[in-house]
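Chains as they are written, first to last, in this note's numbering: chain A, 109 to 418; chain B, 426 to 755.
What the hints contain is simulated information worked out from the structure, not anything from laboratory work. Please read these numbers as outputs of a predicted model, since none were measured by experiment. Mixed in with the good hints, there may be bad ones.
[What the hints assert, rightly or not] Calculated pairs, EDC-like style, for lysine to aspartate or glutamate (alpha carbon to alpha carbon, straight line, at most 16 Å):
| id | chain 1 | residue 1 | chain 2 | residue 2 |
| --- | --- | --- | --- | --- |
| 1 | B | K538 | A | D407 |
| 2 | A | K233 | B | D485 |
| 3 | B | K558 | B | D570 |
| 4 | B | K567 | B | E607 |
| 5 | A | K230 | B | D485 |
| 6 | A | K230 | A | D165 |
| 7 | B | K704 | B | D451 |
| 8 | A | K152 | A | D165 |
| 9 | B | K601 | B | D570 |
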Amino acid sequence: MIRYVVVRTIRALATIWLVWSLVFFLSRLTGDPVKWILGEFATKESYETVASSLHLDLPLWEQYMRTLSGLVRGDMGMSYYHRRPVADLFLQRLGPTMALQSVVIVATSAIGILFGVVAAVKHDKLVDKAIRFFTIVGCTIPNFVFAVLLIFLFCLKLKWLPSGNIGSFRHYVLPFISLSIGPIASISRLTRSAMLDTLSQEYIDVARMKGISESAVIIKHGLRNALFPVVTVLGGQIVTLVGGAFVVESVFSLPGIGTLSVTAAQTRDFPLLQYCVFIMIATFTFVNLLVDLSYAALDPRIRDGEWATN
Amino acid sequence: MMVNLLEIRNLHTCYHAQNQVVRAVDGVDLHIRQGDFYALVGESGCGKSTVARSIARIIDPSYAYIEQGEILFEGNDLVKLNPRQMRAVRGLKIGMVFQNPMTSLNPVVSIGKQLLEAIQAHTRLPRKQAMDKAISLLELVKIPDPAQRMQSYPHQLSGGMQQRVVIAIALANDPKLLIADEPTTALDVSVQEQILKEIDDIRKQRDMSILLITHNMGIVAQMCNRVAVMYGGVIVEDGFSADIFSEPLHPYTQGLMACMPSIEEEKEELHVIPGTVPKHFEPGECRFLHRCPIATPDCGQREPGLEEFKENHFVRCHNVNIRRLQEEAR
Ligand SMILES: Nc1ncnc2c1ncn2[C@@H]1O[C@H](COP(=O)(O)OP(=O)(O)OP(=O)(O)O)[C@@H](O)[C@H]1O
Ligand SMILES: [Mg+2]
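Given these sequences and hints, build the entire structure.
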């Protein structure tokens, strides 16, 4: 068990480092930030001053080592444009994203699992067919299409809800809906098939033969086993969710991390972009690590190393 | 005179599959008395499990249903019970053991918890007492170190041990009837006999009845006092095993007996009943017609009923009944 935890943790750290490095080199392929900062009319001297003040005149390898050692020391650098620590900028924008994401993650898992369980229990009944129709729609239509459709309907036609910026919770309604439909659909589809699979197992009949209530059979024996594949996908789902947030935040001009990263990429603000990526990757990896470890905690077969994974 | 614990009358159970109805059980009558060790035998697909599942009503209502018939248990018709009343019967009055021990236990719940759940479903025992009862149940089914085993998970036990746990669960509330649907088919031959012997001992101690579904005629001959032979959704022969083994009447039963590997005479090859069970039967002809070695034109004209050949020995065959009438006339 301890070996399992150590191996998983090392692997997680390696993933974070790898992705972070990838972003470091890839972003530098996209162009020269100094030209962006100075605009078209830069003189040779002003160019050189700016470049050296940002350490962009150093060889790429040295830049990398500098940034990496900063990262290890916890010094994340300054934004090229705002001349402020990137961590400050990030924190400033964290509120809207967190508010949206936390609600989306909790609500989508709860609703998705509920839909999946109901669909499986009412297999082939009308409810199941309705949920299946919804999942097909939800899984095929991308979230920005929902966003645009929702803005068109509720903001422009019906004028019920605001379409941009933040303020009251009403500003979050449409971003929430457009972000949630996809994940709810995929979680409920997955839960449904996992539930159908577990409900056909013999131990379900054994549990039924004890004379316990049907809800105890479905939740304690069915859902408890069906949840394993669902939890795995939930971990991965968070990645797509945050990816979706970039687009949806842009569509609704919500000033969150999504819009911050998009702007950072557009303006080649490397330290800011790297910081955003670093935090996100670290979060995903950490979440996935927790998923793996909770697996081990929940499933005695893994605890015993019967499925000892590499 | 012993009273019937379970009396099944004219049971019909159907499955809906791909827009057609499969009558898996097509008019079954069965009566089990208290203390009986009753065997239900027959080829794969003849409807044995469906009978067992119909009794406890653990058939999926989305595609299976009891079309008609009565299942009288201690005089009450189980078919008419609502789900809540049915739950009060399951586990408390009727216990059931399934074919595959490796999938019969919830893999992520400890043995102890699964046993406690069965005990506490019907009795409000304090935790300590419930634990003691669980341990004594594990002792009853001869699991070594029962107290330690309570914390084990199913995968830590062998198949035979897992099936013993399932049996302990089924016996948790001292049921009147234990239904065992091929409980040992998935196990080693050596373990098979041992487990069945143990169940039989418990039956004797508790004056419980057992309905055993099996393919193994040797086990039936050795342990069961009564047998029903099923073919194509109906019972073709029913009686005391002593009678049936000394004088099998139905050609299908005779075929089954011939399939038994015999100990005395070393046969070169096992006799196999030719043909397979057809999926559908033409109404108005004997179900066994196309595989029957003694069929006469009459067998294609009307379906035989289950008739009493001699006391407590029933058979569903025109030819056998003609023989009986001839013998009586003499
Ligand atoms: N879920 C189902 N859907 C449709 N048909 C089914 C279903 N389960 C069983 N049947 C059909 O019902 C008939 C009886 O099945 P059952 O399982 O009761 O047979 P069995 O005698 O227990 O066989 P076995 O010895 O293989 O366990 C078979 O012809 C089978 O095809
Ligand atoms: Mg069966």
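Here is what the structure says about each hint:
Simply put, K538(B) and D407(A) have alpha-carbon atoms about 15 Å apart, close enough for the 16 Å limit, and the pair holds. Our distance criterion of 16 Å between C-alpha atoms is met by K233(A) and D485(B), whose separation comes to about 13 Å. Taking the CA atoms of K558(B) and D570(B), the gap is near 14 Å; set against the 16 Å cutoff, the hint holds. This hinted pair does not check out: K567(B) and E607(B) have alpha carbons roughly 20 Å apart, beyond 16 Å.
The straight-line distance between the Cα atoms of K230(A) and D485(B) is roughly 11 Å, inside the 16 Å bound, and the hint therefore holds. Between K230(A) and D165(A) the CA atoms are separated by roughly 65 Å; this puts the pair beyond 16 Å, and the hint is violated. A threshold of 16 Å between alpha carbons decides the hint, and for K704(B) with D451(B) the separation of about 13 Å falls inside it, so the pair holds. Proximity of K152(A) to D165(A) is assessed by CA-CA distance (about 13 Å); at most 16 Å being required, the pair is judged to hold.
Restraint check for K601(B) and D570(B): the C-alpha separation of about 28 Å exceeds 16 Å, so the hint is violated.
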